[in-house]
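So the sequences go chain by chain: A and B.
Reminder that position 99 of the first sequence reads as 99 in full-length UniProt numbering, one-by-one numbering, no gaps.
Reminder that position 185 of the second sequence reads as 185 in full-length UniProt numbering, one-by-one numbering, no gaps.
The set of hints was computed from the structure by calculation and includes no laboratory data.
A virtual CB, placed ideally from N, CA and C, is assigned to each residue, including glycine.
Warning: the hint list may mix true and false statements.
What the hints assert, rightly or not - Going by beta-carbon spacing under 7 angstroms, a handful of chain A positions derived as facing chain B: (1) I118; (2) L119; (3) Q120; (4) K130; (5) R134; (6) C137; (7) C139; (8) F153; (9) H166; (10) V171; (11) N226; (12) L228; (13) T257; (14) T258.
As the list claims (entries may be wrong) - Quick list of in silico lysine to aspartate or glutamate cross-link-like pairs, EDC-like style, CA-CA up to 16 angstroms: (15) K205(A) x E142(B); (16) K254(A) x D109(B); (17) K205(A) x E303(B); (18) K237(A) x D263(A); (19) K259(B) x D330(B); (20) K130(A) x E228(B); (21) K116(A) x E228(B); (22) K310(B) x D206(B); (23) K254(A) x E108(B); (24) K254(A) x D114(B); (25) K343(B) x D214(A); (26) K290(B) x E302(B); (27) K123(B) x D139(B); (28) K221(B) x E176(A); (29) K288(B) x E268(B).
To be verified - Quick partial rundown of chain A residues pointing at chain B, CB under 8 angstroms, derived from the structure: (30) Q41; (31) S227; (32) L252.
What follows is each chain in one-letter form.
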Amino acid sequence: MPGQLHRQAPGNLDMELANAQSQDGESKGGVLAHLERLEIQLSKSHKKLEEPQREQAVESALGTKIHKLRLLRDKLSAEVKQRQARVKVSAANVEPDQTLEISEQEILERKQENVKAILQAYRFTGISGKLTSRGVCVCISTAFEGNLLDSYFVDLVIQKPLRIHHHSIPVFIPLEEIAAKYLQTNIQHFLFILCEYLNAYSGRKYQADRLQSDFAACLAGPLQRNSLCNLLSFTYKVEPKDQSFPFCARLLYKDLTTALPTDVTVTYRGTDASATTWEEQRAAHEHMFFTKPLHQVFTSFARKGEKLDMSLVS
Amino acid sequence: MRRDPAGNVGRAKEMDETVAEFFRRTILKIPITEMMAVLKAWDFLSENHLQTVNFRQRKESLVQDLVLLCEEKRASLNDAALLDIIYTQFHRHQKVWDVFQMSRRPGEDIDLFDMEQFKSSFKKILQRALKNVTVSFRDTEENAVWIRIAWGTQYRKPNQYKPVYVVYYSQTPYAFVASSLLKSNLPLLGQALTVASKHHQIVKMDLRSRYLDSLKAIVFKQYNQTFETHNSTTPLQERSLGLDINMDSRIIHENRVEKERIQRVTQEIFGDYPQPRLEFAQYKLETKFKSDLNGGILAEREEPLRCLVKFSSPHLLEALKSLAPAGIADAPLSPLLTCIPNKGMNYFKIRDK
Numbered sequence: 001m002p003g004q005l006h007r008q009a010p011g012n013l014d015m016e017l018a019n020a021q022s023q024d025g026e027s028k029g030g031v032l033a034h035l036e037r038l039e040i041q042l043s044k045s046h047k048k049l050e051e052p053q054r055e056q057a058v059e060s061a062l063g064t065k066i067h068k069l070r071l072l073r074d075k076l077s078a079e080v081k082q083r084q085a086r087v088k089v090s091a092a093n094v095e096p097d098q099t100l101e102i103s104e105q106e107i108l109e110r111k112q113e114n115v116k117a118i119l120q121a122y123r124f125t126g127i128s129g130k131l132t133s134r135g136v137c138v139c140i141s142t143a144f145e146g147n148l149l150d151s152y153f154v155d156l157v158i159q160k161p162l163r164i165h166h167h168s169i170p171v172f173i174p175l176e177e178i179a180a181k182y183l184q185t186n187i188q189h190f191l192f193i194l195c196e197y198l199n200a201y202s203g204r205k206y207q208a209d210r211l212q213s214d215f216a217a218c219l220a221g222p223l224q225r226n227s228l229c230n231l232l233s234f235t236y237k238v239e240p241k242d243q244s245f246p247f248c249a250r251l252l253y254k255d256l257t258t259a260l261p262t263d264v265t266v267t268y269r270g271t272d273a274s275a276t277t278w279e280e281q282r283a284a285h286e287h288m289f290f291t292k293p294l295h296q297v298f299t300s301f302a303r304k305g306e307k308l309d310m311s312l313v314s
Numbered sequence: 001m002r003r004d005p006a007g008n009v010g011r012a013k014e015m016d017e018t019v020a021e022f023f024r025r026t027i028l029k030i031p032i033t034e035m036m037a038v039l040k041a042w043d044f045l046s047e048n049h050l051q052t053v054n055f056r057q058r059k060e061s062l063v064q065d066l067v068l069l070c071e072e073k074r075a076s077l078n079d080a081a082l083l084d085i086i087y088t089q090f091h092r093h094q095k096v097w098d099v100f101q102m103s104r105r106p107g108e109d110i111d112l113f114d115m116e117q118f119k120s121s122f123k124k125i126l127q128r129a130l131k132n133v134t135v136s137f138r139d140t141e142e143n144a145v146w147i148r149i150a151w152g153t154q155y156r157k158p159n160q161y162k163p164v165y166v167v168y169y170s171q172t173p174y175a176f177v178a179s180s181l182l183k184s185n186l187p188l189l190g191q192a193l194t195v196a197s198k199h200h201q202i203v204k205m206d207l208r209s210r211y212l213d214s215l216k217a218i219v220f221k222q223y224n225q226t227f228e229t230h231n232s233t234t235p236l237q238e239r240s241l242g243l244d245i246n247m248d249s250r251i252i253h254e255n256r257v258e259k260e261r262i263q264r265v266t267q268e269i270f271g272d273y274p275q276p277r278l279e280f281a282q283y284k285l286e287t288k289f290k291s292d293l294n295g296g297i298l299a300e301r302e303e304p305l306r307c308l309v310k311f312s313s314p315h316l317l318e319a320l321k322s323l324a325p326a327g328i329a330d331a332p333l334s335p336l337l338t339c340i341p342n343k344g345m346n347y348f349k350i351r352d353k
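Using the sequences provided together with the hints, build the complete structure.
Here's what the structure looks like:
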């Protein structure tokens with residue numbers, strides 16, 4: 001068909017010429033255009049011939065590049081190894097310094113733990129405290145005969161006037177009175193007096209609790225007591241084997257700063273005719289209640305009983 | 001004449017009708033779920049006795065059986081009164097408690113409180129003044145005693161159904177009284193309490209609530225029991241009062257600084273501890289009306305305005321604590337609201353200075 005360019009296999013120029021000739025009578029553009037086309041085709045086929053060459057050139061260029069890079073890589077890895085070796089050597093030299101740093105930190109940590117432990121252990125002295133944002137929180141730790149008992153707190157606000165923010169002192173301890181007397185003028189004395197009251201109360205309470213729990217079998221009925229544990233009244237026996245409870249005791253603690261009674265009354269309410277031995281016992285008991293802690297009096301009753309048993313056996 | 005199950009008509013007559021009725025009504029009040037616990041605390045009927053009773057039957061029949069058992073065991077009015085005390089101890093919130101404060105003359109001797117002496121002295125004072133009065137006691141933990149008083153008159157027997165309860169902790173100046181007290185009997189009760197406990201004066205505090213334990217915490221100052229020590233391992237944590245600022249990263253709080261200030265102020269005033277429980281605070285105002293506007297009907301009156309403002313809540317102090325964090329009120333709250341536990345008051349009279 002006229003003007004139509006068929007796709008032809010490269011290098012098939014004869015056929016193209018034949019085609020062009022068959023289209024005789026066409027304008028010059030036709031032939032020139034055809035020539036142009038042929039030229040283009042020629043250059044294309046040249047290019048295609050060149051491609052493998054160019055490819056080869058590229059290939060070889062890349063190959064060189066690879067080679068160069070490999071060399072560079074080897075060089076760098078060699079350098080890295082060298083540096084590592086150097087670092088190791090220097091690390092060996094530096095190590096003692098680093099361990100020194102670690103142990104300094106450890107030392108400081110241990111010191112801090114130590115100080116914390118000392119602060120915590122201060123409660124064993126009886127009075128300890130911790131600073132708060134508004135003042136100080138004082139802790140009074142009570143004890144009786146080596147037994148650590150309850151702790152009580154007084155949270156003080158450091159202002160003029162000094163005041164108590166809140167506390168855990170029992171309501172029957174005369175805190176307001178003691179504060180009215182000493183808090184503003186002599187805070188050491190205030191704390192000391194409070195300490196006395198609380199330790200004595202704790203001690204009396206401890207004795208009463210021990211009597212109730214350890215020697216319930218020796219008591220007829222519950223121990224009569226009050227909040228301050230400053231009046232104790234009970235009916236008791238000495239021998240666990242006894243059927244009756246021959247003695248009545250009434251202990252008054254008029255001095256609230258002591259844990260031993262100020263007044264003791266023991267009465268014998270048995271029906272035994274032989275008065276003298278009972279009177280001796282009664283007086284002995286009175287003396288013991290004055291001088292020994294309550295539960296220890298009963299412990300010594302038990303021991304005497306054991307001695308008696310032993311003497312009977314032998 | 002009544003017949004008990006064994007058919008012994010004569011013995012049943014030994015218990016007074018009124019006492020039997022009192023037993024019946026008291027036992028009837030006890031909910032079935034608590035029946036065993038209350039009877040065990042009462043300790044009048046032993047395990048063996050209780051085993052003879054069928055606790056699964058209808059309540060009315062159960063009550064009848066128990067009353068008959070009490071009659072058999074010759075229970076007295078005092079035993080019934082004791083049962084009533086125990087029931088009230090289980091249901092203390094059903095009563096409204098007032099607080100009274102006693103005082104001594106300064107320089108008095110040490111209080112050597114003897115519980116038995118107190119009880120006998122208290123009873124004697126009432127019985128000397130009023131022939132017809134029933135007084136019963138029950139000791140409790142913490143060296144305290146519950147007292148039940150049924151009042152009569154010179155000519156009438158004590159009314160067992162309108163008793164007064166008093167709770168007293170030895171060697172303290174406070175007594176808690178469950179109202180239903182005729183005003184006429186109040187001075188006598190006050191006298192008995194002060195003389196028996198060796199005080200000289202008694203005054204009613206402006207403090208009232210159903211929650212006996214909260215009243216005790218307030219006057220004994222036991223409500224704030226957190227203290228800073230070196231022994232506490234956990235540091236005092238900041239509590240968020242119902243508003244967690246960092247809850248959702250998509251929410252940006254524009255007034256974070258203000259919110260934090262409110263939390264800090266609230267924490268300073270109310271602390272980290274659970275608040276004692278009160279149901280209301282009442283303010284009686286007798287003040288002149290103050291107004292910014294000139295003129296107006298209420299301004300420039302000679303007489304003070306009288307009005308009553310009452311705040312009610314199932315838990316008043318917790319509610320007040322949450323006001324500022326919830327944005328309903330400014331922080332700090334008015335000292336009239338925040339002084340309640342400190343001053344031990346929830347009734348206020350406000351006058352012009």
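Hint by hint, which ones does the structure fall short of? 1, 5, 13, 14, 17, 18, 25, 29, 30
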